[in-house]
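Each residue of the sequence shown is one higher than the one before, starting from 8 at the first, in this note's numbering.
Incorrect hints may have been included.
The calculated SDA-like cross-link candidates involving lysine to any residue, where the alpha carbons are at most 20 Å apart (straight line), are [what the hints assert, rightly or not]:
#1 Lys-377 x Leu-362
#2 Lys-427 x Glu-461
#3 Lys-427 x Thr-475
#4 Lys-377 x Pro-199
#5 Lys-430 x Gly-400
#6 Lys-427 x Asp-385
#7 Lys-430 x Phe-485
#8 Lys-377 x His-354
#9 Lys-379 x Gln-343
#10 Lys-379 x Arg-332
#11 Lys-489 x Tyr-443
#12 Lys-430 x Gly-470
#13 Lys-498 x Asp-411
#14 Lys-498 x Val-488
#15 Lys-377 x Pro-365
#16 Lys-430 x Gly-394
#17 Lys-377 x Asp-363
#18 Lys-153 x Asp-165
Read the hints as simulated data drawn from the structure, not as lab findings.
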Amino acid sequence: MLLADLVAAAAEVSSTRSRAAKTRTLAEVLSLLRPDEVPAAVGVILGRPRQGRLGIGWRTLANLATDPAPTATLRVRDVDEAFSELSTGRGSGSAARRSATLTGLMSRASAEEQNYLVRVMTGEMRTGALEGVLVDAVAHAAELDKNTVRRAVMLSGDLGATARAALEGDDLTLVDLTPGVPVQPMLAGTAPSPGEAVSTTGAASVEYKLDGARLQVHRVGGQVSVYTRSLADITDRVPEVVDVVAAFGGGDLVLDGEMLAVDEAGAARPFQDTMRSLGRDGSRTLAVWFFDILYGAGRSRIEEPLAERRTVLRNVAGDHAIPGRLVAADDPDGAQAVLDEALAAGHEGIVVKALDSPYSAGRRGSHWIKVKPVYTYDLVVLAVEDGSGRRSGQLSNIHLGARDPDGQFGPAGGFVMVGKTFKGLTDDTLRWQTDYFPTIADRREGHVLHVRPETVVEVAVDGVQRSTRYPGGAALRFARVKRYRTGIDAKPAQEADTIASIRNRLPRL
Numbered sequence: 008m009l010l011a012d013l014v015a016a017a018a019e020v021s022s023t024r025s026r027a028a029k030t031r032t033l034a035e036v037l038s039l040l041r042p043d044e045v046p047a048a049v050g051v052i053l054g055r056p057r058q059g060r061l062g063i064g065w066r067t068l069a070n071l072a073t074d075p076a077p078t079a080t081l082r083v084r085d086v087d088e089a090f091s092e093l094s095t096g097r098g099s100g101s102a103a104r105r106s107a108t109l110t111g112l113m114s115r116a117s118a119e120e121q122n123y124l125v126r127v128m129t130g131e132m133r134t135g136a137l138e139g140v141l142v143d144a145v146a147h148a149a150e151l152d153k154n155t156v157r158r159a160v161m162l163s164g165d166l167g168a169t170a171r172a173a174l175e176g177d178d179l180t181l182v183d184l185t186p187g188v189p190v191q192p193m194l195a196g197t198a199p200s201p202g203e204a205v206s207t208t209g210a211a212s213v214e215y216k217l218d219g220a221r222l223q224v225h226r227v228g229g230q231v232s233v234y235t236r237s238l239a240d241i242t243d244r245v246p247e248v249v250d251v252v253a254a255f256g257g258g259d260l261v262l263d264g265e266m267l268a269v270d271e272a273g274a275a276r277p278f279q280d281t282m283r284s285l286g287r288d289g290s291r292t293l294a295v296w297f298f299d300i301l302y303g304a305g306r307s308r309i310e311e312p313l314a315e316r317r318t319v320l321r322n323v324a325g326d327h328a329i330p331g332r333l334v335a336a337d338d339p340d341g342a343q344a345v346l347d348e349a350l351a352a353g354h355e356g357i358v359v360k361a362l363d364s365p366y367s368a369g370r371r372g373s374h375w376i377k378v379k380p381v382y383t384y385d386l387v388v389l390a391v392e393d394g395s396g397r398r399s400g401q402l403s404n405i406h407l408g409a410r411d412p413d414g415q416f417g418p419a420g421g422f423v424m425v426g427k428t429f430k431g432l433t434d435d436t437l438r439w440q441t442d443y444f445p446t447i448a449d450r451r452e453g454h455v456l457h458v459r460p461e462t463v464v465e466v467a468v469d470g471v472q473r474s475t476r477y478p479g480g481a482a483l484r485f486a487r488v489k490r491y492r493t494g495i496d497a498k499p500a501q502e503a504d505t506i507a508s509i510r511n512r513l514p515r516l
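All chains should be built: construct the whole structure from the sequences, respecting the hints.
Dropping the structure here:
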């Protein structure tokens, strides 16, 4: 198949909101692929090459300056072969070989194909929501039940390989959890309060939600492997975790848990400390707790209710089982007490888990519900960025500033940048800010339009973390727009929240 066919299909998919239309378009493409092309095509569609990271950055591509081909002749197989060469090029002369491979690939691509390949290679596709549609498309093309395909994808951890198997007629019902093969993690929904969460789950295990890095740990024949939530292998970077699981009793294991940096007293440190610790700078102490067991005592446990898995887990993990307690369906106060304890211990919140729930790999639903405080701030828009992809031609990502009345981090009465966000922007809001911000523009620097600091926006955040990037030393976590403070709800910039109020939310060191 020609790459141009995939590019055209991707454009068609991005131009419609209809999930059914997206599914039909992708199913048609899949049905036209040769079996050996399917894994590569799936990776290209999702912007995640099957080879993993290619080590190609914006600067390399910007300096390439390769004229596009006049006609589309590049095949999916050609792209896959080039990606394989780029991902494995190491040793003497590798730089020259990689450059030649990249130049050869891009010189054979049309202008539309070049643009698409650049976004694939630099990880700028932002197609996370497309994966579920592609699973439906595989089911449609192979004439299979969607749940059967979805389960096989989650348990194999490989959509491309599952798509090929489905299209070749393999029996996907035979796919099961296999120790040593990482699977996509079960996900949690959200609720504003413990009471509401328990009313949804019924009798539950209410557990601390740690502000760390999620891990999936496999032990096969005594050999321990550790994977991130994106299924990247980091075994050699977390020897502490390997040692802990190696010491557990029993045979093969698959465990789901959380790792975080702790101080000398064992107290949790901020999330970014955990991330920095993976750099192996020698100045960290890592601890790990587990909250589920997917395989243990000789068999898969994912179809068993949580109540049974919880018992097996505590027998295996002992003190490394996540803190929490059982709460009855009519005991919201019990869930609130666990939340209070978790917050007092410096953790994010809680996860309320239905005791009768199986482990639904890769699914987000009402069986697991996380509860954590949400903070809101009124901040000032300092700049706005040109949108890309579906938001091309619009102003999208906004730069957020907090007021600095005392001039602690800049001119007195000025504003200190604390983050960016494009989350929470509706189509109406995008149209409004695209029309409005140019009317208060101060200057433009490339794709960033700087504006006069006079527009207040209310944002919700999950927390605040320390930052060396911003002058105030603080950055918002998971900021999303709630509303602009305009019209009858207008608020002057002089009444926006201060950098001090944001810094007060920084985690204790």
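These are the hints, each one checked on the structure:
1. Distance check on the hinted pair: Lys-377 and Leu-362 sit about 15 Å apart at the alpha-carbon level, within 20 Å; holds.
2. Between Lys-427 and Glu-461 the CA atoms are separated by roughly 17 Å; this keeps the pair inside 20 Å, and the hint holds.
3. As the CA atoms of Lys-427 and Thr-475 are separated by approximately 15 Å, the hinted pair is consistent with the 20 Å bound.
4. At most 20 Å may separate the alpha-carbon atoms for a hinted pair to count; Lys-377 and Pro-199 meet this at roughly 9 Å.
5. With a C-alpha separation of about 17 Å, the suggested pairing of Lys-430 with Gly-400 holds against the 20 Å cut-off.
6. With a C-alpha separation of about 14 Å, the suggested pair Lys-427 and Asp-385 falls inside the 20 Å cut-off, and the hint holds.
7. Simply put, Lys-430 and Phe-485 have alpha-carbon atoms about 8 Å apart, close enough for the 20 Å limit, and the pair holds.
8. Distance check on the hinted pair: Lys-377 and His-354 sit about 13 Å apart at the alpha-carbon level, within 20 Å; holds.
9. Restraint check for Lys-379 and Gln-343: the C-alpha separation of about 11 Å stays at or below 20 Å, so the hint holds.
10. For the suggested pair Lys-379 and Arg-332, the alpha carbons sit about 17 Å apart, so the restraint of at most 20 Å is met.
11. For the hint pairing Lys-489 with Tyr-443, the CA-to-CA distance comes to about 18 Å; that is within 20 Å, so the pair holds.
12. The straight-line distance between the Cα atoms of Lys-430 and Gly-470 is roughly 15 Å, inside the 20 Å bound, and the hint therefore holds.
13. In summary, the hint linking Lys-498 to Asp-411 is supported, as the alpha carbons are separated by about 17 Å, within the 20 Å threshold.
14. The hinted pair formed by Lys-498 and Val-488 meets the criterion: a straight-line CA distance of about 15 Å does not exceed 20 Å.
15. For the proposed pair Lys-377 and Pro-365, the alpha carbon gap of about 17 Å is at most 20 Å, so the pair holds.
16. Proposed proximity of Lys-430 and Gly-394 is supported: the alpha carbons are some 12 Å apart, at most 20 Å.
17. Proposed proximity of Lys-377 and Asp-363 is supported: the alpha carbons are some 17 Å apart, at most 20 Å.
18. With a CA separation close to 16 Å, the supplied pair Lys-153 and Asp-165 stays within the 20 Å bound.
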